[in-house]
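Undergrad: Residue-level listing of the chains:
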Amino acid sequence: MSTTLLEVSDITLRFGGVTAINDVSFSVDEGELFAIIGPNGAGKTSMFNCLNGVYRPQQGTILLNGENIIGYKPTRIAKLGIARTFQNLGLFTNLNVVDNLMLGRHMHMKSGFLSAAVWFGRTRNEEIAQREACEEVMRLLELEPYRNTLVGLLPYGVQKRLELGRALAMEPRILLLDEPVAGMNHEETEDMARYLLEIRGQLNTTMIMVEHDMPFVMDLADRVMAIDFGQRIAIGTPEQVRTDPAVVAAYLGGDQ
Amino acid sequence: MASNRSLVTTYADDVKLWRTGGDWAGLAAILLAYLIVPHVVTSDFWLGILNYAGILAIGAIGLNLLTGYTGQASLGHAFFLGVGAYTAGYFGGQYTQSKEFSFFGLFSVEGPLPMPVWIVLAAVIGALIGALVGPFALRLRGNYLAVVSVGLVFVGTHIFKSWSSVTGGRSNLQVDPVSTIGSLDFRDLNVLGSQYTKQQGMFFLIWFMVLIVALLSKNIVRSRPGRAMQAVRDRDIAAEIIGVDTARYKIQAFAVSSAIAAVAGALMMNYEQFASPDRWDLFLSIQFVAIIIVGGVGTIFGSIIGAVTIWATPEVVKWLTGSGYMPYIYETGGSINRSDSAMVPVLLGTIGLGLVAVAVWRWTAGSRSVAIATGVLGLVALLGIPFGDTAIIGVDQFNGILFGALIVLFLLVEPRGLAAVWIRIKNSFRMWPFSY
Ligand SMILES: Nc1ncnc2c1ncn2[C@@H]1O[C@H](COP(=O)(O)OP(=O)(O)O)[C@@H](O)[C@H]1O
Ligand SMILES: [Mg+2]
Chain Z
1 MSTTLLEVSD ITLRFGGVTA INDVSFSVDE GELFAIIGPN GAGKTSMFNC LNGVYRPQQG
61 TILLNGENII GYKPTRIAKL GIARTFQNLG LFTNLNVVDN LMLGRHMHMK SGFLSAAVWF
121 GRTRNEEIAQ REACEEVMRL LELEPYRNTL VGLLPYGVQK RLELGRALAM EPRILLLDEP
181 VAGMNHEETE DMARYLLEIR GQLNTTMIMV EHDMPFVMDL ADRVMAIDFG QRIAIGTPEQ
241 VRTDPAVVAA YLGGDQ
Chain C
1001 MASNRSLVTT YADDVKLWRT GGDWAGLAAI LLAYLIVPHV VTSDFWLGIL NYAGILAIGA
1061 IGLNLLTGYT GQASLGHAFF LGVGAYTAGY FGGQYTQSKE FSFFGLFSVE GPLPMPVWIV
1121 LAAVIGALIG ALVGPFALRL RGNYLAVVSV GLVFVGTHIF KSWSSVTGGR SNLQVDPVST
1181 IGSLDFRDLN VLGSQYTKQQ GMFFLIWFMV LIVALLSKNI VRSRPGRAMQ AVRDRDIAAE
1241 IIGVDTARYK IQAFAVSSAI AAVAGALMMN YEQFASPDRW DLFLSIQFVA IIIVGGVGTI
1301 FGSIIGAVTI WATPEVVKWL TGSGYMPYIY ETGGSINRSD SAMVPVLLGT IGLGLVAVAV
1361 WRWTAGSRSV AIATGVLGLV ALLGIPFGDT AIIGVDQFNG ILFGALIVLF LLVEPRGLAA
1421 VWIRIKNSFR MWPFSY
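These protein sequence lines map, in sequence, to chains Z and C.
Under the numbering used here, the residues of the first sequence are numbered 1 to 256, in order.
Under the numbering used here, the residues of the second sequence are numbered 1001 to 1436, in order.
These are computed hints drawn from the structure, not numbers from a lab.
Everything numeric in this text was worked out from a predicted model, so none of it was measured.
Using N, Cα and C, we set each Cβ at its ideal position, and we do this for glycine too.
Wrong hints could be hidden among the right ones.
[As the list claims (entries may be wrong)] Footprint (simulated), chain C over chain Z, 3 or more residues, beta carbon under 8 Å: (1) 86-93; (2) 101-108; (3) 130-136; (4) 191-197.
[Unchecked claim] Derived contacts from chain C toward chain Z, CB cut-off under 8 Å, selection only: (5) G1105; (6) S1108; (7) G1111; (8) R1224; (9) P1225; (10) A1238; (11) I1242; (12) V1244; (13) Q1252; (14) S1276.
Please put together the full structure from these sequences, using the hints given.
TA: What follows is the structure, encoded as structure tokens:
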């Protein structure tokens, strides 16, 4: 049997009078691909922001491998192995592809200002060694042709892929993907599905994915949780959730 | 050696600073210029301009690390130059022969201290004060930081005026920091039987420091800490979630920037041999901001060409005015009617006709607004020929306007500064003759 990697219990997050997340619980197993669905404004992105420490929920616990990470700073949570992509892209657009990936390796590197200024020795060796890790990511996601391209100049679909690459470069235990195929055409969506399958196959990374594209979710996810107005309305296998009356109602009543 | 950056084969090649033949040629050109310039440009006037610009270039590299690479605007830079200057004066000053420095009671040494020591001390003290002030300044974001950092300059000036045992206070400080490394005395340089003037010696010292600071800074920005700084600048939340401690990098960048500013200040003290507390004022800070805007925000090289441009332009205008070549402009304190030089109408005619030619060319190329702007300027120059010896503006006023105009021009037309212009020119030659 698989072991539980992430256990989220009774999370409530409020912004003034708005309750973005209302008493939501779920758990994710090691190696699982867990999907969160729900209409716009349901609280999916807010949940990700709680998981990696950008927001601090007023109530509840988040156990990562048994350790409650609520109140930890985002950098500390990153070190514990939670990586993420953003719904609206969070790339460093003035840097090129390699530099963005190298920033994914930041935690695995040591050079400070002094050794960097000297360059020869530690920093040079580290740059070369970590470059190889980035090359591997580029190979996996077929980003090699863009190696030295400024990120701001890349097509949207490639930027989405690169952001996945930067998260992968962190060698995370859990990968949070916020709408990885939003705004992509059919072909790009199929490519993304292929990459996610390859990542699972090769690295067995645990993933939590927020996505609106239903066929995409149904194809890939092991389990699905549906939320609406901050509340969990269903959880189970894709088939169970798709046919759940509350989910059907939320999607017919909502804007999706 | 790969001849082209897109044809690199190994990562070891890829992380090299000088990769292509063109890169090496560039390095060779820089080193040659370093050795040749003081032999060709022997006049104290022109060398003086280059030397002062070199000191500004070092300070500008420091500000660019903070503002250009980390995205933290600061108008407090001048304060750290002051810190460095007085550090150099205090530890390296030769008018304080009998001074004894005790370091935390651990050991004591007889002053004045050698040049490499006072330069390093300036950097260390600059960094420490920067790291101390940084956490307060950097709690603020963007424009607030810029406004509050102004306070640093005023508080600094006050401290410099009050702490007269170190700074000379209101009566100013005249010192002569030790300017020798081994047997090389940069104020009175004699190498391989050649005797150099003070300005020539200073050129070798100052521009050596420019190259060193530029190289160290380039190494920082192309590796882990520099990438982290740029991540903080571009998207701080994304930086945090990949494990970049944004608060820490802001403070460290502030400390490094202050250290470099202090080195520039120390060299300034060594060069001018004199410092008044009002020297480290807001205008000096603004000058550094202007330098990185004109040179290129977020580039090391731009800091250097920006410094030369911002410092040399008004000096050249002054020189042209003094020599009677500038229409409409009179020397401050000089007479309004210049000696009538035949150069003025010739100059106005050449410039005017040139601008009109450019206007016609741009008009036919379809860029009407540029054509109109250059056309108007050209006509003004041509119409000025009969009035060429009637000056209407003082050179200092003119330079003030020019300073502002340069900043506005670059912010509007090329926000990435001269460095971007340079790269465009270089790229058009890179693939030559296979440009397509
Ligand atoms: N920083 C914030 N401040 C105030 N309200 C917020 C903030 N972030 C999210 N919300 C609110 O929380 C709710 C959930 O938003 P979000 O998590 O972005 O939804 P989803 O990703 O499911 O579309 C929305 O009503 C949104 O307006
Ligand atoms: Mg969202």
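Undergrad: Can you take a look at whether the stretch 101-108 of chain Z is actually covered by chain C? Rule is 3+ residues, C-beta closer than 8 Å.
TA: With 5 residues closer than 8 Å to chain C, the stretch 101-108 of chain Z meets the three-residue bar; holds.
Undergrad: Can you verify the interface hint for C:G1111: is its Cβ closer than 8 Å to any Cβ in chain Z?
TA: violated (27 Å)
Undergrad: For the hint on C:G1105, does the least C-beta distance to chain Z fall short of 8 Å?
TA: With Cβ-Cβ at 27 Å, over 8 Å, it is violated.
Undergrad: Quick check on C:A1238 please, does its C-beta sit within 8 Å of some C-beta on chain Z?
TA: holds (3 Å)
Undergrad: Quick check on C:Q1252 please, does its C-beta sit within 8 Å of some C-beta on chain Z?
TA: holds (6 Å)
Undergrad: So, as I understand it, the hint says C:P1225 touches chain Z; can you test that by seeing if any CB pair is closer than 8 Å?
TA: With Cβ-Cβ at 5 Å, under 8 Å, it holds.
Undergrad: Does the CB of C:R1224 sit less than 8 Å away from some CB of chain Z?
TA: holds (4 Å)
Undergrad: Close enough to count: is the Cβ of C:I1242 nearer than 8 Å to one in chain Z?
TA: holds (6 Å)
Undergrad: Was the hint right that C:S1108 lines chain Z, CB cutoff 8 Å?
TA: violated (27 Å)
Undergrad: How does the stretch 130-136 of chain Z fare against chain C when you require at least three residues with a CB closer than 8 Å, holds or violated?
TA: Three-residue rule met by the stretch 130-136 of chain Z, so holds; n is 3.
Undergrad: Holds or violated: the hint that C:S1276 contacts chain Z, with Cβ atoms closer than 8 Å.
TA: violated (32 Å)
Undergrad: Can the hint on C:V1244 be confirmed by a CB-to-CB distance to chain Z that is less than 8 Å?
TA: Interface hint status for C:V1244: holds (6 Å vs cutoff 8 Å).
Of the numbered hints stated above, those contradicted by the structure are hints 4, 5, 6, 7 and 14, listed in ascending order.
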